[in-house]
Every structure is written in structure tokens, then in C-alpha cells.
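Asker: Sequence:
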Amino acid sequence: MRVLGLLCALILGWVSLHGKLLAQEADKPQTEVPAVTTEPSDKIQLTNALTRARDVIEISAEIAGPIQALSVLEGSRIEIGQELGRIKDDRAQLGVQKAKLEWEVADKKQKSDIAERLTEKAALVARTEYERAVLANKEIPNTYAESEVDRRKLVFEKAKLEIEQAAYERSVIAGEAAVAKNVLDQAQLELLRHKVTSPVNGMVVGLKRQLGEWVEPGVPILEVVDMDYFRVEGFITVSEASVGLNGHEVEVQIPLGKDTWEKKGKVVFVNTEANPVNSQVRIIVEIPFSTEKERLSFRSGLKCKATIDSSHSPNGSETVPTAEAGR
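Just so we're aligned, residue 478 is where the sequence shown starts under my numbering, counting upward by one.
Mixed in with the good hints there might be a few duds.
Unchecked claim - Once the Cα atoms are required to be at most 20 Å apart in a straight line, the calculated SDA-like pairs of lysine to any residue come out as:
| hint | residue 1 | residue 2 |
| --- | --- | --- |
| 1 | Lys-586 | Glu-639 |
| 2 | Lys-672 | Glu-690 |
| 3 | Lys-565 | Glu-639 |
| 4 | Lys-740 | Ser-787 |
| 5 | Lys-672 | Val-656 |
| 6 | Lys-588 | Ala-655 |
| 7 | Lys-585 | Val-649 |
| 8 | Lys-585 | Leu-595 |
Unchecked claim - Just the calculated beta-carbon pair ranges, DEER-fashion:
| hint | residue 1 | residue 2 | range |
| --- | --- | --- | --- |
| 9 | Leu-595 | Lys-575 | 24 to 34 Å |
| 10 | Lys-577 | Pro-732 | 53 to 63 Å |
| 11 | Leu-578 | Leu-527 | 57 to 67 Å |
| 12 | Gly-558 | Val-582 | 47 to 57 Å |
| 13 | Leu-550 | Arg-776 | 32 to 42 Å |
| 14 | Thr-749 | Asn-659 | 19 to 29 Å |
| 15 | Glu-641 | Lys-585 | 32 to 42 Å |
Note that these hints are calculated values from the structure, not bench results.
Note that beta-carbon positions come from the ideal geometry of N, C-alpha and C, so glycine has one too.
Required output: the full structure, derived from the provided sequences and hints.
Answerer: Shown next as C-alpha cells:
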């Protein structure tokens, strides 16, 4: 019994001491936890950023006819203005040859001054004969009959008018030569319309028609992709999109095997619509290729990291002169 009483006394003493300690802890003044403040970041990170090729361009002929030549294959690298194919142009070539011959004839006529020089010589002779008759009659009256003097004067006046007529005809011939040159230019332009040329520096990714097939204007013959630039598409929040981002610089990191591309581009498109589910806005960035190796190594659909620098507004307008990207 004595042991049991001692044990109860110990328990009561521990409970009393623990209660005093809790009371003292409660009486201590509370210390405030400093608030964590973060400064707004000037970097905006795109989520789900993926690489994309620029738009695939469908190239068609300007005129109807059979395809006479195709000088490229799928995978061929092409340059701006390069001839990719040609529509049969036999008739157009004949038209150019005819117009060229007509212009050469008209050009030779306008460059020739034989008629003007001939009329000037004739006028000089007529003037000499007229002045000789007048002088002779002054020295010896009636050496030449008055009718003869009048006739020589008329011939001289006629010769002067013929000089003016020759100059006028030469100006008319110059106008005809200009018309012939215009016809030649039109014929050459018509011949050029038979050529299918590249509007971009890029790569052929598809052949829609084959050699010998008849095509109509506007019917796609080839598909090419622009290889001067590539794109990165991703998403940002609505609040981040409220900043005018068009034209802002973007740092892009693209893992490519063992290597990582570090490139810089610019924002070219900020969607005006937000996703109603997650309130995200689509962003498109365009980045130039630097080397031929990059063009050949590029692949669409690669995951990458893209960071927009919103600290500085781009110079001038916020829009970048580039292909329309708002589909």
C-alpha cells in the first residue's frame, strides 16, 4: 500500500509540473514570422513548348498545261527564285521570238537618221540654187525669169518642210519601237508564267503532280517548307499574356541528342483567345536558322524550353514583319 501511495504521489506531481510549464509557455509573447516577399519576375516560361516547322507552302502553276519538266525531288533544298518545274511553253517561246524580231526592226528604224540627212542635203542644194538665181538677177537683171526664181524658192521651202516631216516620222517610228518593246516584254512575261519557281528558301516535302500531267492554275504541284526560320509553340497564363509580348526576345533551349541548341527568337503571335478549361494562351515564337547543319538537324515536335524576356519592350512597333501565324 505504501508503494502504491508513493506512485500516485509521483504521478500527481508530474501532472502539476507539466501544467505549470504549459501555462508559462502560453504566457510568453508570440514572435511574428516574417512574410516572404518575392519580386515579380521579368521571365515568362512557356509550358508545353514544342518545335514546329514553318507553314507548308503549296506551289501551283499560273497557267494551264501539261508539266514539261520537274527539276526537284522530295527532300531537295531550294532557294528563292529557283526554277522547280515548267509548264509546256512552245507557243510562248514562238511568241517571244516574233515579238523580238518586230522590236529589232522597229529599233533599227528609230536609230536610222538617213532620211533626215537626205532631206537636209536636198534642202541645202535647193537653197543654193535659189540664192544663186537671186544673186544673178541682182547683177544682171532678168538673167533668170521671175517664174524660175519662184520655182526655185518653192523647191527650197518644200525641202525645209521635208526636213520637219522626216523628224516627225522618226519620232513616230520611235513610238512604234516603244510599242514593240512593250509587246516583247509582255511575251517574255507570258513565257515566265510557264515556270514554277520557289517563293522561299526551303525544302521540297511533297510532289503532288507528276511529269506530263495536265494542271490548271491554282492546282498544287509541289509542297515546300520554309527553312529560313522555325517555330516554337507553347502556352502562358492569361495574366502573363496581358503584357504586350509581340516582338519580345525569347531564349530557347532545344535538347537534340547529346547536344542542346541555345537560340534566340521573337514572339510573333499571341492568341486573342484563352483556353476556357485551363485559362492558357497560345504563343508562337520564330527563330532563324544559323547554319545548314541546323536546317538538316531540325525536327518538328521536339520538347524544348522557351523563356520570354518581358523586361524590355522591342524597338518600334510590337509587331514583327513575318508570316501570319494566327491560325
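Asker: Identify every previously stated hint that the structure contradicts and give their numbers, smallest first.
Answerer: As far as the earlier hints go, 3, 5, 12, 13, 14 and 15 are violated by this structure, in ascending order.
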